[in-house]
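Student: Chains as they are written, first to last, in my numbering: chain A, 1 to 57; chain B, 58 to 301.
Just so you know, the hints here were simulated from the structure itself, not pulled from any lab data.
Nothing here was measured: the structure is a model prediction, and the numbers come from that model.
Some hints could be false.
[Said to hold, decoys possible] Quick look at which bits of chain A chain B covers, simulated, 3 or more residues with Cβ under 8 Å:
1. 4-11
2. 14-24
3. 28-37
4. 46-56
Glycine included, every Cβ here is placed at the ideal spot set by N, Cα and C.
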Amino acid sequence: MIAGSFWAMGGYARYVWPCMALAVGILVWNLWSARRHHAQAVQRAARAIAMARSERS
Amino acid sequence: MWTWFYRLASPPYVYRVAARLAPWLLAAAGLLIVYGFVDGLVFAPPDYQQGDAFRIIYVHVPASALSVMAYTFMAVAAAIGLIWRIKVAYAVAAAAAPIGASFTVLTLVTGSLWGRPMWGTYWAWDPRLTSELILLFLYVGVMSLRVAFEDPNRGDRAAALLAVVGVINVPIIPFSVVWWNSLHQGATILKLGKPAIDASMRWPLYAMLLGFLLFFGGVLCLRLRGEVLHRERLATWVREAVRV
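Excised from the complex, chain A in its bound form (with noise of 0.2 Å):
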């Protein structure tokens, strides 16, 4: 497939291509979320086991 006609999709380019970008960035999105909303998790629960420790000491 010649690189233009590809890119032009038949004449259906800005239909697809958004198509194909959102899904890429809704996966994308997902694993950036997963990981942040763990670290998140992660971080929070240190501070918990910390104030734990100081409030027993």
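Could you slot chain B onto chain A? The hints should help.
Tutor: Just chain B now, with coordinates in the frame of chain A:
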């Protein structure tokens, strides 16, 4: 079987298993999705009626299948939480909701972008489109309800109840095209008998379907770890897990 079920109710066990599973699921998903994108966008021939616009199905169909499957999964987890009062089940339901909601948004937007050149409109109050929109509202409702209560346990139970009640919408989505007059096309690959799509177009679609499903599993594991840790932050096993 029950031993396995009981082990799944143990937060440290689930936390460890999720950590082990996530990279494998995500790696397999990555390979399948890359293959699906390349084969679907480069090598699959254009449709004889829809031209290259048909390639939108490579993200639209897997996203819509996942949006329904994720909801069913979430509702089953919520029901387990309500019936057996298993905290991990609520965590699973909480972890599945944002993933399912994001894929429902993807379904609606890609469907809309496909509808413009094919139907001449971005949106129609068609049974399939409307039931998918209701699915998004259900996801948003479940997520909002969970955080609307000061007591997280009450939030979990309320969200679980809504998730279970919302299951009524799940069979409506696929069967809406059969039960009512719909602009949306009927089943193509899950049709009884021979699928109404050529193998050259079908394989990348299968790869994307499986890839999205594995991706859901991988991201669910990552999110579930965060949920479990957040809920169990005062438990003794968490000290080991976060190495404080």
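Student: Now tell me if each hint is right for this structure.
Tutor: Here is what the structure says about each hint:
no. : hint  : in the structure
1   : 4-11  : holds (count 4)
2   : 14-24 : holds (count 7)
3   : 28-37 : holds (count 7)
4   : 46-56 : holds (count 5)
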